[in-house]
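A.B. asks: Protein chains in written order, with the working numbering: chain U, 166 to 731; chain E, 166 to 731.
Any given hint could turn out to be false.
[To be verified] Selected chain E positions facing chain U (in silico; Cβ < 10 Å):
| # | residue |
| --- | --- |
| 1 | LYS170 |
| 2 | ALA174 |
| 3 | GLU178 |
| 4 | GLY195 |
| 5 | SER202 |
| 6 | LEU244 |
| 7 | GLU257 |
| 8 | PRO273 |
| 9 | LEU295 |
| 10 | ALA302 |
| 11 | ARG318 |
| 12 | LEU704 |
[Said to hold, decoys possible] Here are the simulated DSS-like cross-link-like pairs (lysine-lysine), alpha carbons at most 25 Å apart as the crow flies:
| # | chain 1 | residue 1 | chain 2 | residue 2 |
| --- | --- | --- | --- | --- |
| 13 | E | LYS199 | U | LYS170 |
| 14 | E | LYS177 | U | LYS291 |
| 15 | U | LYS262 | E | LYS253 |
| 16 | U | LYS666 | E | LYS217 |
| 17 | E | LYS217 | U | LYS303 |
| 18 | E | LYS600 | U | LYS588 |
| 19 | U | LYS627 | U | LYS706 |
| 20 | U | LYS650 | E | LYS217 |
| 21 | E | LYS170 | U | LYS199 |
[What the hints assert, rightly or not] For each label pair, taking beta carbons as the anchor points, the in silico distance ranges come out as:
| # | chain 1 | residue 1 | chain 2 | residue 2 | range |
| --- | --- | --- | --- | --- | --- |
| 22 | U | ARG680 | E | ASP243 | 37 to 47 Å |
| 23 | U | ILE670 | E | GLY566 | 42 to 52 Å |
| 24 | E | ASN288 | U | ARG309 | 46 to 56 Å |
FYI, nobody ran anything at the bench for these hints, they're computed from the structure.
Virtual Cβ for every residue (Gly too), placed ideally from N, Cα, C.
There are 2 protein chains.
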Amino acid sequence: MRSSKYLLATQKETPSDAEIVSHQLMLRAGMVRKLASGLYTWLPNGLRVLSKVEQIVREEMNASGSIEIHMPTVQPSDLWQETGRWDKFGPELLRFKDRHSRDFVLGPTHEEVVTELVRREVNSYKQLPLNLFQIQAKFRDEVRPRFGVMRSREFLMKDAYSFHLSDECLQSTYDEMYAAYCRIFERLGLEYRPVLADTGSIGGSVSHEFHVLAESGEDAIVFSDNSDYAANIEKAEALAPAGERPAPSQEMQEVATPNAKTIAELVEQFDIKVEQTVKTLIVKASEESEHSLIALILRGDHELNEIKAENLTEIASPLEFASEEEIRAAVGAGPGSLGPVNLPMPVIVDRAAAHCSDFGAGANVDDKHFFGINWERDVVLGEVADLRNVVEGDPSPCGSGNLSIKRGIEVGHIFQLGDAYAKSMNAAVLNEQGKNQTLTMGCYGVGVSRIVAAAIEQNNDKYGITWPDAIAPFKLAIVPMNMHKSHRVQEVASKLYEEAKQRGIDVLFDDRKERPGVMFADIELIGIPHVIVIGDRSLDKGVIEYKNRRSGEKVEVAVEQIFDQF
Amino acid sequence: MRSSKYLLATQKETPSDAEIVSHQLMLRAGMVRKLASGLYTWLPNGLRVLSKVEQIVREEMNASGSIEIHMPTVQPSDLWQETGRWDKFGPELLRFKDRHSRDFVLGPTHEEVVTELVRREVNSYKQLPLNLFQIQAKFRDEVRPRFGVMRSREFLMKDAYSFHLSDECLQSTYDEMYAAYCRIFERLGLEYRPVLADTGSIGGSVSHEFHVLAESGEDAIVFSDNSDYAANIEKAEALAPAGERPAPSQEMQEVATPNAKTIAELVEQFDIKVEQTVKTLIVKASEESEHSLIALILRGDHELNEIKAENLTEIASPLEFASEEEIRAAVGAGPGSLGPVNLPMPVIVDRAAAHCSDFGAGANVDDKHFFGINWERDVVLGEVADLRNVVEGDPSPCGSGNLSIKRGIEVGHIFQLGDAYAKSMNAAVLNEQGKNQTLTMGCYGVGVSRIVAAAIEQNNDKYGITWPDAIAPFKLAIVPMNMHKSHRVQEVASKLYEEAKQRGIDVLFDDRKERPGVMFADIELIGIPHVIVIGDRSLDKGVIEYKNRRSGEKVEVAVEQIFDQF
Numbered sequence: 166m167r168s169s170k171y172l173l174a175t176q177k178e179t180p181s182d183a184e185i186v187s188h189q190l191m192l193r194a195g196m197v198r199k200l201a202s203g204l205y206t207w208l209p210n211g212l213r214v215l216s217k218v219e220q221i222v223r224e225e226m227n228a229s230g231s232i233e234i235h236m237p238t239v240q241p242s243d244l245w246q247e248t249g250r251w252d253k254f255g256p257e258l259l260r261f262k263d264r265h266s267r268d269f270v271l272g273p274t275h276e277e278v279v280t281e282l283v284r285r286e287v288n289s290y291k292q293l294p295l296n297l298f299q300i301q302a303k304f305r306d307e308v309r310p311r312f313g314v315m316r317s318r319e320f321l322m323k324d325a326y327s328f329h330l331s332d333e334c335l336q337s338t339y340d341e342m343y344a345a346y347c348r349i350f351e352r353l354g355l356e357y358r359p360v361l362a363d364t365g366s367i368g369g370s371v372s373h374e375f376h377v378l379a380e381s382g383e384d385a386i387v388f389s390d391n392s393d394y395a396a397n398i399e400k401a402e403a404l405a406p407a408g409e410r411p412a413p414s415q416e417m418q419e420v421a422t423p424n425a426k427t428i429a430e431l432v433e434q435f436d437i438k439v440e441q442t443v444k445t446l447i448v449k450a451s452e453e454s455e456h457s458l459i460a461l462i463l464r465g466d467h468e469l470n471e472i473k474a475e476n477l478t479e480i481a482s483p484l485e486f487a488s489e490e491e492i493r494a495a496v497g498a499g500p501g502s503l504g505p506v507n508l509p510m511p512v513i514v515d516r517a518a519a520h521c522s523d524f525g526a527g528a529n530v531d532d533k534h535f536f537g538i539n540w541e542r543d544v545v546l547g548e549v550a551d552l553r554n555v556v557e558g559d560p561s562p563c564g565s566g567n568l569s570i571k572r573g574i575e576v577g578h579i580f581q582l583g584d585a586y587a588k589s590m591n592a593a594v595l596n597e598q599g600k601n602q603t604l605t606m607g608c609y610g611v612g613v614s615r616i617v618a619a620a621i622e623q624n625n626d627k628y629g630i631t632w633p634d635a636i637a638p639f640k641l642a643i644v645p646m647n648m649h650k651s652h653r654v655q656e657v658a659s660k661l662y663e664e665a666k667q668r669g670i671d672v673l674f675d676d677r678k679e680r681p682g683v684m685f686a687d688i689e690l691i692g693i694p695h696v697i698v699i700g701d702r703s704l705d706k707g708v709i710e711y712k713n714r715r716s717g718e719k720v721e722v723a724v725e726q727i728f729d730q731f
Numbered sequence: 166m167r168s169s170k171y172l173l174a175t176q177k178e179t180p181s182d183a184e185i186v187s188h189q190l191m192l193r194a195g196m197v198r199k200l201a202s203g204l205y206t207w208l209p210n211g212l213r214v215l216s217k218v219e220q221i222v223r224e225e226m227n228a229s230g231s232i233e234i235h236m237p238t239v240q241p242s243d244l245w246q247e248t249g250r251w252d253k254f255g256p257e258l259l260r261f262k263d264r265h266s267r268d269f270v271l272g273p274t275h276e277e278v279v280t281e282l283v284r285r286e287v288n289s290y291k292q293l294p295l296n297l298f299q300i301q302a303k304f305r306d307e308v309r310p311r312f313g314v315m316r317s318r319e320f321l322m323k324d325a326y327s328f329h330l331s332d333e334c335l336q337s338t339y340d341e342m343y344a345a346y347c348r349i350f351e352r353l354g355l356e357y358r359p360v361l362a363d364t365g366s367i368g369g370s371v372s373h374e375f376h377v378l379a380e381s382g383e384d385a386i387v388f389s390d391n392s393d394y395a396a397n398i399e400k401a402e403a404l405a406p407a408g409e410r411p412a413p414s415q416e417m418q419e420v421a422t423p424n425a426k427t428i429a430e431l432v433e434q435f436d437i438k439v440e441q442t443v444k445t446l447i448v449k450a451s452e453e454s455e456h457s458l459i460a461l462i463l464r465g466d467h468e469l470n471e472i473k474a475e476n477l478t479e480i481a482s483p484l485e486f487a488s489e490e491e492i493r494a495a496v497g498a499g500p501g502s503l504g505p506v507n508l509p510m511p512v513i514v515d516r517a518a519a520h521c522s523d524f525g526a527g528a529n530v531d532d533k534h535f536f537g538i539n540w541e542r543d544v545v546l547g548e549v550a551d552l553r554n555v556v557e558g559d560p561s562p563c564g565s566g567n568l569s570i571k572r573g574i575e576v577g578h579i580f581q582l583g584d585a586y587a588k589s590m591n592a593a594v595l596n597e598q599g600k601n602q603t604l605t606m607g608c609y610g611v612g613v614s615r616i617v618a619a620a621i622e623q624n625n626d627k628y629g630i631t632w633p634d635a636i637a638p639f640k641l642a643i644v645p646m647n648m649h650k651s652h653r654v655q656e657v658a659s660k661l662y663e664e665a666k667q668r669g670i671d672v673l674f675d676d677r678k679e680r681p682g683v684m685f686a687d688i689e690l691i692g693i694p695h696v697i698v699i700g701d702r703s704l705d706k707g708v709i710e711y712k713n714r715r716s717g718e719k720v721e722v723a724v725e726q727i728f729d730q731f
């Protein structure tokens, strides 16, 4: 491609409305443009990357035995009514009526449509297992789309669905998908980790997420330093502290704490360690509970894990915190003065908080705390559960090593769904015994457009993007210096351009009449991994310059040896 | 691909709701399944064909210098309000509100979005010309979707848009697109014709349609038998008959015609030739006209060309016929007794009707006709225009040869749009003189999914589809006979399958435990062009059978020579 015949669309200024580096660089490098909130046009530099990611995903899905199909984006509502998701799905599900006033949705996912297809096409165990995938634009009407294509409303997704008659068969396809995903991210050239994940609202039993590692990642993922264990922090179990709870050594006393509404203020103003405080969070109980509110007790330095909390049957899901008014009405004190002693509602205590002795907590009276509280002596220790996020250094739940924490961007998710969809949609086939048997399903997603943003979060420097070769918009840039004044430079550059094309190298020939500085800045910004610079000064010496974008390394080589450099 | 690991999804029965052969065969050959009215899932056999068509289109667009981008499917309404199409576009434009009650459309076409992009990104004549394309699922909410993917609501389209500062530059890109389209249809292996087309409601000056020829085609296209002239019948000019109008030889007389309400009845009941009759059609006048109705006069054997009529400034567009009540109120007679004599409204006479002498027509009194009418003597001949469809044998409007008529399916359309969109959206750049100048545009569409159906309409026989090699779902089928009983057959078949894959041949290995008859029927139905049959009887002779699907030709060849056959 010649720059002069191309839409490079680079920008010097960092757009003010782009909060994260991938969004800024995608705008500056001419990869995307915003059409409306959460809707982006992919410009040539962006689409070239997106297509390369898409093609790697497709090839590895094909290699894994999954079969490509293509379902409509527009889906009739009746299927969503069959599974109950017409009511359950929130306003992220975009609904509309067609010209005949029939209800449709703009597909955010395709479990219903693919199950409808399979219940019609598959009648016998002989046709199973079956694993179908598609790569398609999806729509999710996010309340606050942001971060460019990282969280857009229209996005490109690979979604696959597998169908089986036994859990063993599902497990086997699940393992194949896990392996295919590893191959995909390896080929993309990204640092990634598969981690155990919560199955959450999708249901099912087993689930893994695939994360691209990046400091800016929204998710915390945890690893054992001595085993393969890796999990989303949402899922990672926090073990109970080792050993017995220390015996009480202090008397419980009431302390006036008028200026301490938070744990941080308490620790600052009084002689008490944060590990010897607990905090009390009041949440709504589930409909099954006989109470309306439940208190969660965590150690002062620990964070509530909302997923763990809402997975408890007593607690409403999604998790909902009581308002200050509701707390005052129930307890008679504000949220800054709560504690387990004399609390008029059921209490669930985190494993670490349950291990505390001689600890401080609010007295359920405004501006008062108790210090020197001890479980069982001063307050009954009721239900104990894992309620907190693990922290760096916690023992690994696998039993080997300690945990470290990194940030990740979720770009893939695989699920063992079980029969949730097949049952409600009555998807069954004749088994080997000639009896009707409900199918069991897996589903497997990759956020194709999100991978592009995640790759940039992981691979950038102050000059722009540092693409891995596999997904760079071009593999090679040819930058001639003052070509329009030097016939020799023009001749060498054009010859190398033709040769690169013949070798099947994806090459950008920057033949614009621009100053070298402008050309270098653009090439570095859009992140072409290999750069050839051709100028009269080096040609005088019989060489040209090769520059590696990622390492920054420059070497002078003879013209005829240039293609050995990369 | 092994059949046993694939979703072949063939059906024996012809689906009752499929009216045309391509729709029937796409269902039977496991290519598509209907999800809802006008919404189809592409199964593996269909998607393989669709992807091959898509890839050929992409390659030729790239080769022509067009640059691929990808715009959102969901488009904000404000752009459609800018061009006025928010009001002008009918209910085919699917409109909906997002969760914040903002108006959006599901894109049927992207003139607005691409013009918005270009007016932001392109500021200088130096960036022009620019030709951008995308390949994308589009949505048009057809009132009556039918014929499967031939007229579906969601469909795959290649749309391209070019931007220029002069008509010469637009013409040059238009010519490149014309040539690219010819290459596309040649590579697809389809019999096609580019024809002159009406620019219609899109506006602009020059337009060509690309038709796949098929007897079942909805469109009539006309050709000169002595030149390159070809046009959609909507566009083909009907020349005035040669020579002077014959002089009157009869007196005008009134005839009672109580049982002749149509030209056919008139000709049957009276001694008059159909070429000596005229028919009178009453249509609504345009708002510019001072009348509300206008009469169109055509020879009795000719058909009104509605496009030609509505292109006349006096006539309402879209064309609207007067109702029987309106006709009676204006004329005092019903539609079966109309004629030019004593007609109380303006008349536009077709060129052929204007050449008639001694002709018959209704008397504008129920159950009465005049015979022996002559223009100017009996009734003033006012405006004469080209109003009719050409017929087989008409002189070609190019001046050379006579016209023949074939049926075609429109699969591509290219337009010189001019400044219609650029003007209303204020898309301008600085020209070489440093002045702001409005852009001029072209647009270029290919119905990618429609091509699949059109190719089948053109290429089928009683056994199924006879694909051209370039777009067959597989190029080669390997059909082993009783493989599960013969180790030798299994060995040869597996070896040839591996060799075909190594040679990069798209191959289907039918390894199902089915009777040979079932396998042959499926392979012929889905239309794999080259078939290798392996059985013990031929292996005894040291040969295998090669069959060509299109020609039906069978030959026996030595195993090691099989890949020389195709």
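A.B. asks: Indicate, hint by hint, whether the structure satisfies it.
C.D. replies: Hints, verified against the model:
Given hint, E/LYS170 at the interface with chain U, holds; its Cβ is 6 Å from that chain's nearest Cβ, closer than 10 Å. For E/ALA174, the suggested interface contact is upheld, since its CB lies about 6 Å from the closest CB of chain U, less than 10 Å. The interface hint given for E/GLU178 is broken, as the beta carbon of that residue sits about 14 Å from the closest beta carbon of chain U, more than 10 Å. Contact between E/GLY195 and chain U, as hinted, is supported at the beta carbon level, the nearest pair being about 9 Å apart and thus within 10 Å.
The criterion of a C-beta within 10 Å of any C-beta in chain U is met by E/SER202, whose closest approach is roughly 8 Å, and the hint holds. The beta carbon of E/LEU244 is positioned within 10 Å of a beta carbon in chain U (closest approach about 9 Å), and the interface hint is therefore held. Because the smallest distance between the Cβ of E/GLU257 and any Cβ of chain U comes to about 8 Å, under 10 Å, the interface hint for this residue holds. Violation of the interface hint for E/PRO273 is found here, the shortest Cβ-Cβ separation to chain U being roughly 13 Å, above the 10 Å cut-off.
The interface hint given for E/LEU295 holds, since its Cβ lies 7 Å from the closest Cβ of chain U, which is under the 10 Å cut-off. Because the beta carbon of E/ALA302 sits about 6 Å from the nearest beta carbon in chain U, less than 10 Å, this interface hint is met. Interface restraint check: E/ARG318 against chain U, minimum CB-CB distance 7 Å, threshold 10 Å, status holds. Interface restraint check for E/LEU704: the shortest CB-CB distance to chain U comes to about 28 Å, outside 10 Å, so the restraint is violated.
A threshold of 25 Å between alpha carbons decides the hint, and for E/LYS199 with U/LYS170 the separation of about 42 Å lies outside it, so the pair is violated. For the given pair, E/LYS177 sits about 19 Å from U/LYS291 by alpha-carbon distance, which is consistent with the 25 Å threshold. Restraint check for U/LYS262 and E/LYS253: satisfied, since their Cα atoms lie roughly 20 Å apart, inside the 25 Å limit. The suggested pairing of U/LYS666 with E/LYS217 holds, with an alpha-carbon distance near 23 Å, which does not exceed 25 Å.
Restraint check for E/LYS217 and U/LYS303: satisfied, since their Cα atoms lie roughly 23 Å apart, inside the 25 Å limit. Under the criterion of a C-alpha separation no larger than 25 Å, the hint pairing E/LYS600 with U/LYS588 is inconsistent with the structure, at around 67 Å. Restraint check for U/LYS627 and U/LYS706: not satisfied, since their Cα atoms lie roughly 32 Å apart, outside the 25 Å limit. Taken as a hint, the U/LYS650 and E/LYS217 pair is broken in the structure, with Cα atoms around 45 Å apart against an allowance of 25 Å.
With a C-alpha separation of about 42 Å, the suggested pairing of E/LYS170 with U/LYS199 is violated against the 25 Å cut-off. Checked against the given bound of 37 to 47 Å, the beta carbons of U/ARG680 and E/ASP243, roughly 39 Å apart, stay inside it. In this structure, U/ILE670 and E/GLY566 meet the distance hint of 42 to 52 Å, their C-beta atoms being roughly 51 Å apart. For E/ASN288 and U/ARG309, the hinted distance range of 46 to 56 Å is not satisfied, since their beta carbons lie about 32 Å from each other.
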